[in-house]
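There are 2 protein chains.
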Amino acid sequence: MASALLTDLYQLTMLQAYLDEGMDETATFELFVRRLPPERNFLVAAGIEQALDFLETLAFSGDELQWLQRQGGFSQRLLDYLKAFRFTGDVHAMAEGTVCFAEEPILRVTAPLPQAQFVESRLLNIVHFQTLIASKAARVVLAAPGKLLVDFGMRRAHGAEAALFAARASYMAGFSGTATAEAGHRFGIPLYGTMAHSFVQAHDSEVDAFKAFARARPRRPTLLVDTYDTEAAVERIVALAPLLAREGITIGGVRLDSGDLAVHGKAVRALLDRGGLGALQIFASGNLDERRIAEVLAAGAPIDGFGVGTSLDTSSDVPALDAVYKLQSYAGTARRKRSEGKATWPGIKQVCRQHDREGRVSHDRVQLDAEGCDGVTLLRPCMMGGRRTAPAPTLEQSRAYCAAQLGALPDGLRRLSTAAQPYRVEISESLRALAREVDAMTP
Amino acid sequence: MASALLTDLYQLTMLQAYLDEGMDETATFELFVRRLPPERNFLVAAGIEQALDFLETLAFSGDELQWLQRQGGFSQRLLDYLKAFRFTGDVHAMAEGTVCFAEEPILRVTAPLPQAQFVESRLLNIVHFQTLIASKAARVVLAAPGKLLVDFGMRRAHGAEAALFAARASYMAGFSGTATAEAGHRFGIPLYGTMAHSFVQAHDSEVDAFKAFARARPRRPTLLVDTYDTEAAVERIVALAPLLAREGITIGGVRLDSGDLAVHGKAVRALLDRGGLGALQIFASGNLDERRIAEVLAAGAPIDGFGVGTSLDTSSDVPALDAVYKLQSYAGTARRKRSEGKATWPGIKQVCRQHDREGRVSHDRVQLDAEGCDGVTLLRPCMMGGRRTAPAPTLEQSRAYCAAQLGALPDGLRRLSTAAQPYRVEISESLRALAREVDAMTP
Chain C
760 MASALLTDLY QLTMLQAYLD EGMDETATFE LFVRRLPPER NFLVAAGIEQ ALDFLETLAF
820 SGDELQWLQR QGGFSQRLLD YLKAFRFTGD VHAMAEGTVC FAEEPILRVT APLPQAQFVE
880 SRLLNIVHFQ TLIASKAARV VLAAPGKLLV DFGMRRAHGA EAALFAARAS YMAGFSGTAT
940 AEAGHRFGIP LYGTMAHSFV QAHDSEVDAF KAFARARPRR PTLLVDTYDT EAAVERIVAL
1000 APLLAREGIT IGGVRLDSGD LAVHGKAVRA LLDRGGLGAL QIFASGNLDE RRIAEVLAAG
1060 APIDGFGVGT SLDTSSDVPA LDAVYKLQSY AGTARRKRSE GKATWPGIKQ VCRQHDREGR
1120 VSHDRVQLDA EGCDGVTLLR PCMMGGRRTA PAPTLEQSRA YCAAQLGALP DGLRRLSTAA
1180 QPYRVEISES LRALAREVDA MTP
Chain R
760 MASALLTDLY QLTMLQAYLD EGMDETATFE LFVRRLPPER NFLVAAGIEQ ALDFLETLAF
820 SGDELQWLQR QGGFSQRLLD YLKAFRFTGD VHAMAEGTVC FAEEPILRVT APLPQAQFVE
880 SRLLNIVHFQ TLIASKAARV VLAAPGKLLV DFGMRRAHGA EAALFAARAS YMAGFSGTAT
940 AEAGHRFGIP LYGTMAHSFV QAHDSEVDAF KAFARARPRR PTLLVDTYDT EAAVERIVAL
1000 APLLAREGIT IGGVRLDSGD LAVHGKAVRA LLDRGGLGAL QIFASGNLDE RRIAEVLAAG
1060 APIDGFGVGT SLDTSSDVPA LDAVYKLQSY AGTARRKRSE GKATWPGIKQ VCRQHDREGR
1120 VSHDRVQLDA EGCDGVTLLR PCMMGGRRTA PAPTLEQSRA YCAAQLGALP DGLRRLSTAA
1180 QPYRVEISES LRALAREVDA MTP
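Chains as they are written, first to last, in my numbering: chain C, 760 to 1202; chain R, 760 to 1202.
Among the hints, erroneous ones may be present.
Computed footprint of chain R on chain C; a stretch qualifies when at least three of its residues, placed anywhere within it, have a C-beta under 8 angstroms from a C-beta of chain R [said to hold, decoys possible]: (1) 771 to 782; (2) 910 to 916; (3) 948 to 956; (4) 975 to 989; (5) 1157 to 1169; (6) 1180 to 1188.
Read the hints as simulated data drawn from the structure, not as lab findings.
Don't be surprised by glycine CBs; every beta carbon is placed ideally from N, CA and C.
Based on the sequences and whatever the hints tell you, model everything.
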């Protein structure tokens, strides 16, 4: 995990002030997205498990403490506190893979104020990013039902952790796997890979490259066909296939990476079928996103799978959400900020979800935790006293849960375009009353 | 550094094929950006030092090798090769902080083919992201001359490494510092911090919060004034300042984080000046980017510094560049791909930059490495046989170099809008001739 210093400087300064003041009563913070961008009809909560890992293992090393001391301005009391720092609070959170909306707490931390405050920056850093990517990936999954979908984004993901978390979040949201080897190693995600243009270029002839690659990866290799001329390459594969078959190698598929995918897809399919290679799959990549995939499929392109890279790993149309972590209660008193355009609902909250008779989600109510819910409550206790209350779900379990969540969405929300009827999230009357009460009491 | 498995699966498969074929002659790959997005008139090369660190330290651990073996499909020859794997090649690169353009190699790797190919994914992952952020940060720096600029983006950066690399790249490009403590620890970047809304909210009164914070951070604290009512908070600070002064504490400034910054900035400045606090600085934050900052300054807002978060750390208007790493030569023969819309110039190249009489950059020529240059050659040798040829420049040196680079840009390129006259990058006649020759020889 990352260094305990992976936080904003002000967290340390505020911590020092809280210690000086003896302000260590219980605080509750909630992490939520203030509003949905028009490009998203829903979000998929993700990164909860890495957030819990962070809270369970957070500690300062000797080197980090010495560095802090050398900076000056930090009191011995603070340094002693940090030396012993462990997160001992409680966490309620949505299950990984839950479909969620603006204003709904995804994760709620209840702990002594200094702890609950300190963990803000990294909690947001983890949960914001994975939620961002799972939400993007879910759109790709909905745009390409039944297709093989592979995360190809590592090279343009924003650094190492982004690549790994993007592979994880997209697999959880329904992708088939990733090309990033370390994501297989770290998270057990299925790995897929083909070959690069440079491999073809390095060989004196394209057919030599195909042969060498197939022999090195005899388990249904996928051959890249657009380095020089797509259709000519496919004709070479048709001629090569019987030779390889004699060596016991069955070519698995071809990959298109440039040009008009609908046009090339149809031409390649015809060449393969005519050449007796009807079982070969066509895999496409190259600056794809959910809209482009939907267009290609709508144009009737006979494509069996897609590699999605940059647009997925950077969520390129919406590279950030308005995710925040806000104090809702301290020492038993509800709190809110009223900053222009950024006011929050005070108090400790719960999300109560209603379903229709067909089991589709119908609307949510954000309410006080103490209020009753005749539907499903989305925030569940997952950490008590700094320890998980149950083992983490496996990634496969979260993936299955997410698929069920996506399956329960109304059709209007499953489309790529902005829903004519956005999902209804009510704010309960008790919550509104509490906000008025808090405002009346705050200077 | 990240795991050696932080790569695309196909790099391992291709490596196996190269070993099986005995294809280990010298290859040259170049890393470059295919085209500039309309939102960028230039790029700033960054991440070179982390790329060299990666190459110098790349090695597989026993755990990683065992995991690979368990996957099946990898030969013992490959596993033995990986066990001994070290990068032994040469690197030429632009100096960190160099202004650059489309089609220009930023970094060039010359090594035995299996090595040069294998390092592709992580090299791109490092250099693409830091170049992306340095290029974005440079625009902010040009939009806010003389202002204090602080990276506030950690919480919505794409994971841990993105936050750290964004702090580094933006500081290199001219930011004053960052709020991310670990970036101070890791890279020695100056740290800045104020206070959060939750700190104010947790206190029963705003003035108690200001007092407590100032006492915990007596070195010119910056107080956040928009939690409830901006102007009312500033009036409280005017009243509080003399009390704190008696304790030896001088308030450094105030931070605005919401509402119309020009309107509040002027009102706050007037209140502070009238209250005898003319020396207090006004710092602004809240969904800022270079365009918003330019607007605020153009509206005459008396703001001394800006915190830039999400838009900087995600380069939100352009969250990825079309950065690629392509084989240009193998075994002494130039190579190129001809894929539709993605063709590359073959051969080992150099960038020759011309300046006008005032020392401003005038145009570049991408040419064969062997061609003469009557200007400045941008690619310099920085690694030989897997070792740096000289110690890494300090971040301060790179920052000064970058400032000089930005200072040498023509005015048209320094503006935020798309330059009417894009920077001229010529392709040399010898390079064009080589491309024709390679095409004639490739099947």
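Problem set entry | Given coverage of the region 1180 to 1188 of chain C by chain R, checked by CB-CB distance under 8 angstroms (3 or more) | Coverage by chain R is violated for the region 1180 to 1188 of chain C (0 residues, Cβ < 8 angstroms).
Please check whether the region 910 to 916 of chain C has three or more residues whose CB lies within less than 8 angstroms of a CB on chain R.
holds (count 5)
Cβ contact check, 8 angstroms cutoff: the region 1157 to 1169 of chain C against chain R, three residues minimum:
With 0 residues close enough to chain R, the hint is violated.
Practice item. Check whether three or more residues of the region 771 to 782 of chain C sit with their beta carbon closer than 8 angstroms to a beta carbon of chain R. Key: holds (count 9)
Within the assertion that chain R covers the region 975 to 989 of chain C, do at least three residues meet a Cβ-to-Cβ distance smaller than 8 angstroms? Three-residue rule met by the region 975 to 989 of chain C, so holds; n is 7.
Please check whether the region 948 to 956 of chain C has three or more residues whose CB lies within less than 8 angstroms of a CB on chain R.
Since three or more residues must qualify, the claim that chain R covers the region 948 to 956 of chain C holds, with 7 doing so at under 8 angstroms.
Checked against the numbered hints given earlier, the structure breaks hints 5 and 6 and satisfies all the rest.
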